[in-house]
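Please model the complete structure; the sequences and the hints are all you need to start from.
6 protein chains.
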Amino acid sequence: MTQSSQLTAKILIEALPYIKQFHGKTIVIKYGGNAMIDDELKSSFARDVVLLKLVGLNPVVVHGGGPQISSTLEKLGIESSFVDGLRVTSQETVNVVEMVLGGSVNKEIVSLINSHGGKAVGLTGKDGNLIRASKIDAKEDIGFVGKVDKINPALVRHLEQDNFIPVIAPIGVGDDGETYNINADSVAGAIAAELQAEKLILMTNTPGVLDKDKQLLTGLDGKQVAGLIEDGTIVGGMMPKVECGLTAIRHGVKTAHIIDGRVDHALLLEVMTDSGVGTLIRN
Amino acid sequence: MTQSSQLTAKILIEALPYIKQFHGKTIVIKYGGNAMIDDELKSSFARDVVLLKLVGLNPVVVHGGGPQISSTLEKLGIESSFVDGLRVTSQETVNVVEMVLGGSVNKEIVSLINSHGGKAVGLTGKDGNLIRASKIDAKEDIGFVGKVDKINPALVRHLEQDNFIPVIAPIGVGDDGETYNINADSVAGAIAAELQAEKLILMTNTPGVLDKDKQLLTGLDGKQVAGLIEDGTIVGGMMPKVECGLTAIRHGVKTAHIIDGRVDHALLLEVMTDSGVGTLIRN
Amino acid sequence: MTQSSQLTAKILIEALPYIKQFHGKTIVIKYGGNAMIDDELKSSFARDVVLLKLVGLNPVVVHGGGPQISSTLEKLGIESSFVDGLRVTSQETVNVVEMVLGGSVNKEIVSLINSHGGKAVGLTGKDGNLIRASKIDAKEDIGFVGKVDKINPALVRHLEQDNFIPVIAPIGVGDDGETYNINADSVAGAIAAELQAEKLILMTNTPGVLDKDKQLLTGLDGKQVAGLIEDGTIVGGMMPKVECGLTAIRHGVKTAHIIDGRVDHALLLEVMTDSGVGTLIRN
Amino acid sequence: MTQSSQLTAKILIEALPYIKQFHGKTIVIKYGGNAMIDDELKSSFARDVVLLKLVGLNPVVVHGGGPQISSTLEKLGIESSFVDGLRVTSQETVNVVEMVLGGSVNKEIVSLINSHGGKAVGLTGKDGNLIRASKIDAKEDIGFVGKVDKINPALVRHLEQDNFIPVIAPIGVGDDGETYNINADSVAGAIAAELQAEKLILMTNTPGVLDKDKQLLTGLDGKQVAGLIEDGTIVGGMMPKVECGLTAIRHGVKTAHIIDGRVDHALLLEVMTDSGVGTLIRN
Amino acid sequence: MTQSSQLTAKILIEALPYIKQFHGKTIVIKYGGNAMIDDELKSSFARDVVLLKLVGLNPVVVHGGGPQISSTLEKLGIESSFVDGLRVTSQETVNVVEMVLGGSVNKEIVSLINSHGGKAVGLTGKDGNLIRASKIDAKEDIGFVGKVDKINPALVRHLEQDNFIPVIAPIGVGDDGETYNINADSVAGAIAAELQAEKLILMTNTPGVLDKDKQLLTGLDGKQVAGLIEDGTIVGGMMPKVECGLTAIRHGVKTAHIIDGRVDHALLLEVMTDSGVGTLIRN
Amino acid sequence: MTQSSQLTAKILIEALPYIKQFHGKTIVIKYGGNAMIDDELKSSFARDVVLLKLVGLNPVVVHGGGPQISSTLEKLGIESSFVDGLRVTSQETVNVVEMVLGGSVNKEIVSLINSHGGKAVGLTGKDGNLIRASKIDAKEDIGFVGKVDKINPALVRHLEQDNFIPVIAPIGVGDDGETYNINADSVAGAIAAELQAEKLILMTNTPGVLDKDKQLLTGLDGKQVAGLIEDGTIVGGMMPKVECGLTAIRHGVKTAHIIDGRVDHALLLEVMTDSGVGTLIRN
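Chains as they are written, first to last, in the working numbering: chain A, 1 to 283; chain B, 1 to 283; chain C, 1 to 283; chain D, 1 to 283; chain E, 1 to 283; chain F, 1 to 283.
Honestly, the hints are just simulated from the structure, not real lab data.
One thing to keep in mind: the hints can contain errors.
Chain copies aren't distinguished; within one or between two, either way the pair holds.
To be verified - Computed list of lysine to aspartate or glutamate pairs in EDC-like fashion (alpha-carbon distance at most 16 Å, straight line): (1) Lys10 / Glu79; (2) Lys75 / Glu92; (3) Lys25 / Glu79; (4) Lys20 / Glu194; (5) Lys25 / Glu160; (6) Lys150 / Asp274; (7) Lys10 / Glu40; (8) Lys147 / Asp175; (9) Lys119 / Asp175; (10) Lys212 / Glu198; (11) Lys135 / Asp175; (12) Lys223 / Asp211; (13) Lys150 / Glu194; (14) Lys20 / Asp176; (15) Lys147 / Glu79.
Here's what the structure looks like:
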């Protein structure tokens, strides 16, 4: 018996309490950033998702796709203006967004997971009326940029039970059938809340929430988060992610995680080991 | 009581034997042509599908999308050459095809059905590995044009049982995860065969199979079809449709129908009344 | 395509919202009057019941049988006296009533429905202890005329689930096994209440509730009914029917309907179209 | 502890192997003769049936009713002629037969069983299309005297599973909805065969099959029965009963019993003790 | 028909209401004393348990084993001291207790029941963590003598549903996996309470609770028991049994019985006849 | 991210195909030797079993207990003689064997697994009549040494489905209820065959099957095993283990493994990694 076999056994055994604790629980993962671009990270993500499903957890993937949208809009010669960081989204633009997210990005992720042995099914918010949406509240009309009004979880629940892995593009549908582009973090948060998920995991291109000295904060509660926002430690792009996590845990999700998607197998490490790879937010 | 009420009752009652006969049976519908373009026809198609589901049948929709593909390819400045009527399909082209069929056309049909009260779920052949495909046999390599190797019916079966209406884009996935564009009639036929469907209904822009005198032939068996091909009555675009129907019934589908999708409620009339709207092919 | 095909489709489609709304719901129908005598009406009633069952509703039929009872009593030379319109019912009489209702009328309706493709099962209140009864309160003893004490719904529920159509004769059973003849409207109302039915439909030989000017009142609430009774608009034989409807809706039945059973397909028209055929009573 | 308590225990314990052996098995009982007339025998029969059901067997009761039919025909002034012992049965007569068997005799048995704590449900062959019938083959037309063409066991199976006790009147229904009076022994035999019953028990007014010396024959196989018929030992009214039993065991019923219904608790003794109360026929 | 056959039938029929009343109910039996030593009593006990199971009740057996423990300790030369009637139980002693109860006594009872046609499964409190225990409260440390902290009923529930008869040795398991010997009456009471049993039956070597004149008290309520304890009528070894019964009924068990296990078929007579064989305690 | 986290992830991911392949499959493990004595090995074994169950496999444990039996016999002053390596087993001896295996060793393993988070249930062959046995064929009568006649798998199947881990002592029961001590390897093999297990794993105190040069043979088929026996490579105590494995695979078990139980986590490594820890035998 080699040293390395024993290490293997030890590591498998150490995963035991996590498998036990999370058995049958839903884990909603916002997939995006480098983990969706780098080939090795893509493959490690797909393997992680398949393993989680196999050992009895229920991963649900929500994805973005900003770069692919921009690239296709550009190829089609459709120019975008931005207001407060949000793309002004005409009917023509939202049609492209839907086509890219639902037809291209979504199916690539489905295929990726399936090629690693999973049974993924791609959805947008139109399928089974999954995501009912309406225009976000904004100072000026920026078109078909939506916010989640209601999640209809029946389809996702059925797919979970039938052992499929739902992969969801953040497209919502309005009362009159109109299409909305919605922020993927928000969709992941709303789905996690509706499913009363065990975990909401946001994969980012950062190490997590940092303190003033750029040191990683591994665990925060709601009060601490409020303090960090007030004293200006949490700013910029991290702000909406932290708020998304807070909202989720206030609606019954056990924990929210902002993790570093640039780390190989970040997802697996976060769920199945003691080695956190980012910041955990709890009530 | 008005005359019209009695007519209403009479018509509902006449549907009785059809509802009874087809209860719990699967009806695979190839949706395309004018019925996918004209607003009134679209709405009547969606209502038909929802009604069939409600009274206990299991409609499964397979759609094409040639015009939308061409239009998007054109907008993107991608030129296509054709060999024997088939588009030479590069990697770049098949990516556009997948994006348009799976992300745009598919979701529009899903939304259309849902807005009439159904619970549709859009799929491509990648979802749940539904359609395994490989390159078609052809004299020269025309790229990612595929033929169906195997249908994995589990996902469609689950959705049927959970009262959803599957809407399927004719995209197949190869052994190495590559994407194939497949003829929608063939996909509909293969799915009908795998599901041992009661009916395969191909919606076309023609009245059905015509005889030498351009009169509609309402019912044909395999032998008669063979004769009509031999004597040159069935030619051109009707040929592959008739062959698709023949293949389906040889694999256990009860009847195949080539119907006139330009007629309002063609689908409902075909399934639920004596008034055929096209040609029926049986063994 | 003929004009009439399009009309057919239109009418089927218009039934869609009703099928959807009442799917899986129980509809209790008091069957009687001309609809039980006229051959064409009998056939149209049976077809209606079978269609309702087929499209997913759960019809439960309760029937009377006064004329047949009178005719058999007469043949047997048993004379009846009446008190306040109620037949004085001796042991000998109630035995005949039970025999006629349970053995003759009930089985004729069962056979009628079955011959139109349904799966009917005839019951009296003795089967599965369905209807527990005791003597009605009356000034003088009029024998075995009963009122419902308790409905045991288990048998009806099982038959509904197993896709049978229960057909119930209004015979109740007392604590000592004695037989009671009960008013069929009351039995229908009590069963509708116990099953928390969607609708209680009383088929009569009148157009419905009429106002002072003999015009049909198509919709009434409890308050309006009270007013109409007070001001003498509702009188005579309509009174107990209206009260039966009121009692049912007060016990949780959604709506009660007094319809004109002399109209062909009155039942179907009431349930599946906008064209009411009588008076609707709601809370 | 008294002597009698120990006897009680001993007797209960002796029933153990029978309860075990017949658990979940169907026992079809032809109920008739004195056991249907004498009050004490009626009560002991009902108790027996309820006990059998409670300890896990599935009794199915089929009954006759000749005396009640004759009495009602007489009261109605309808005269009957007989051909070969079979009543010539006009439309008017069969209507009375159906009314008496289905509405009077059947419900009395249902009520009897229910009053002893069972949950009986009365049926005729029209309910759920239970007994499909046609005219018996006879030298001359004797009207609506039928033979069983087909048993549809679904309704009886459902009632068994839902813990009800089916009580069946021997009325059959023809292809055109016509009513047939059928011999109750034959109906019991056909139902036992269709249900693949453990036992068919025919309750008679005789001690069972007797030999030439009028001694009871307690056990016979098919060959022995044939011999006894040939040598004239079995004659008269016993002949059809023995043949009914033979037919049943040839169609898969384990054993057929011709028992003495004049004995208190004959049914229970036959099923649950060593003390046979008649003749057993096996293959 | 002999006299004795009729008696047999009468006795079987008299058991009817008991079978009905206790159908599907759990009966927890503390088995011990002479009934566990005398061969005839053992056999009658096993038959009783099997019969109860067969007719639809769910017997659960808890047993003691004092004499066997003493005998084995003696053979092994392990001496015991006693404090207040409780054996001081060292680690070595409790190991022997567990071995004797779980490996010898328990399996003998299992085998006994199985040889009479039952399907028994032997358990100790370690199996499926059935009995969580800790040290009893006592003036001085007497070692591994335990009290029940918690019953985990899942295993027993599963075995009941799967038609097995659980036979339980009164061994508990502590938080650190340590083994406890627990009084079998207490274990039976705690299991009866957790399962919300219909009856708790304690089999003893006494006729039941006696009054001052040594006459059997056949029925007592809580108040009467309190009085009998206060006035010194209930003393000695009867005290803990009575208290165990009282505790059980206060936790929802319907009735508790202290019966004379020296009587043949005491268990069956108690459950299935009017002839009580001891004292019943109810709330 | 540390190096070690990545290693953790890599190892978990490498287990993926094994988890997938063996999902829902039964693995029968003969537990014995050092792995049952050394505290660290015991703990690692328990963890392995619990992990296998958690990730979806169904481990079934069969254990021996020779040393504990010898020690208790010695303490009780019972001497044993041996014939051909088999203990001559008197009634007194077999009673001790049953008590030690079923009451002491079995419960210790149950408790061990439960303390690591599993839900184990201990059984002997008497529970649910699991192991029917009779005397082994031998030259002279060596008493209650048995061989397996029949496995009744119902109890084990139920426990598997209800998520318990069966732990089985190799005690069989004869037709007359007599107790047999059976070789634990044989019991494991018979149970594996009856359950059509995926794997039979025999834990030994050897590295596996060695060749003439004392090098481990990692994989053998039936033919190779035959050759090795013939040429005298396989001898002594390894012989019966190899034959037990051969018998199992001939009865439908996929693979049999003779592994080195002295290796930490030998079980886990065998099932979930490429690193075999012994010899695999396949057809």
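Hints and how they fare:
{"no.": "1", "hint": "Lys10 / Glu79", "in the structure": "neither (55 Å within a copy, 44 Å between copies)"}
{"no.": "2", "hint": "Lys75 / Glu92", "in the structure": "both (14 Å within a copy, 12 Å between copies)"}
{"no.": "3", "hint": "Lys25 / Glu79", "in the structure": "neither (43 Å within a copy, 49 Å between copies)"}
{"no.": "4", "hint": "Lys20 / Glu194", "in the structure": "neither (23 Å within a copy, 26 Å between copies)"}
{"no.": "5", "hint": "Lys25 / Glu160", "in the structure": "within (10 Å within a copy, 21 Å between copies)"}
{"no.": "6", "hint": "Lys150 / Asp274", "in the structure": "neither (35 Å within a copy, 32 Å between copies)"}
{"no.": "7", "hint": "Lys10 / Glu40", "in the structure": "between (26 Å within a copy, 13 Å between copies)"}
{"no.": "8", "hint": "Lys147 / Asp175", "in the structure": "within (13 Å within a copy, 38 Å between copies)"}
{"no.": "9", "hint": "Lys119 / Asp175", "in the structure": "between (31 Å within a copy, 15 Å between copies)"}
{"no.": "10", "hint": "Lys212 / Glu198", "in the structure": "neither (30 Å within a copy, 56 Å between copies)"}
{"no.": "11", "hint": "Lys135 / Asp175", "in the structure": "within (11 Å within a copy, 42 Å between copies)"}
{"no.": "12", "hint": "Lys223 / Asp211", "in the structure": "within (15 Å within a copy, 67 Å between copies)"}
{"no.": "13", "hint": "Lys150 / Glu194", "in the structure": "within (9 Å within a copy, 35 Å between copies)"}
{"no.": "14", "hint": "Lys20 / Asp176", "in the structure": "neither (44 Å within a copy, 20 Å between copies)"}
{"no.": "15", "hint": "Lys147 / Glu79", "in the structure": "neither (23 Å within a copy, 38 Å between copies)"}
Comparing the model with each earlier hint shows violations of hints 1, 3, 4, 6, 10, 14, 15; every other hint is respected.
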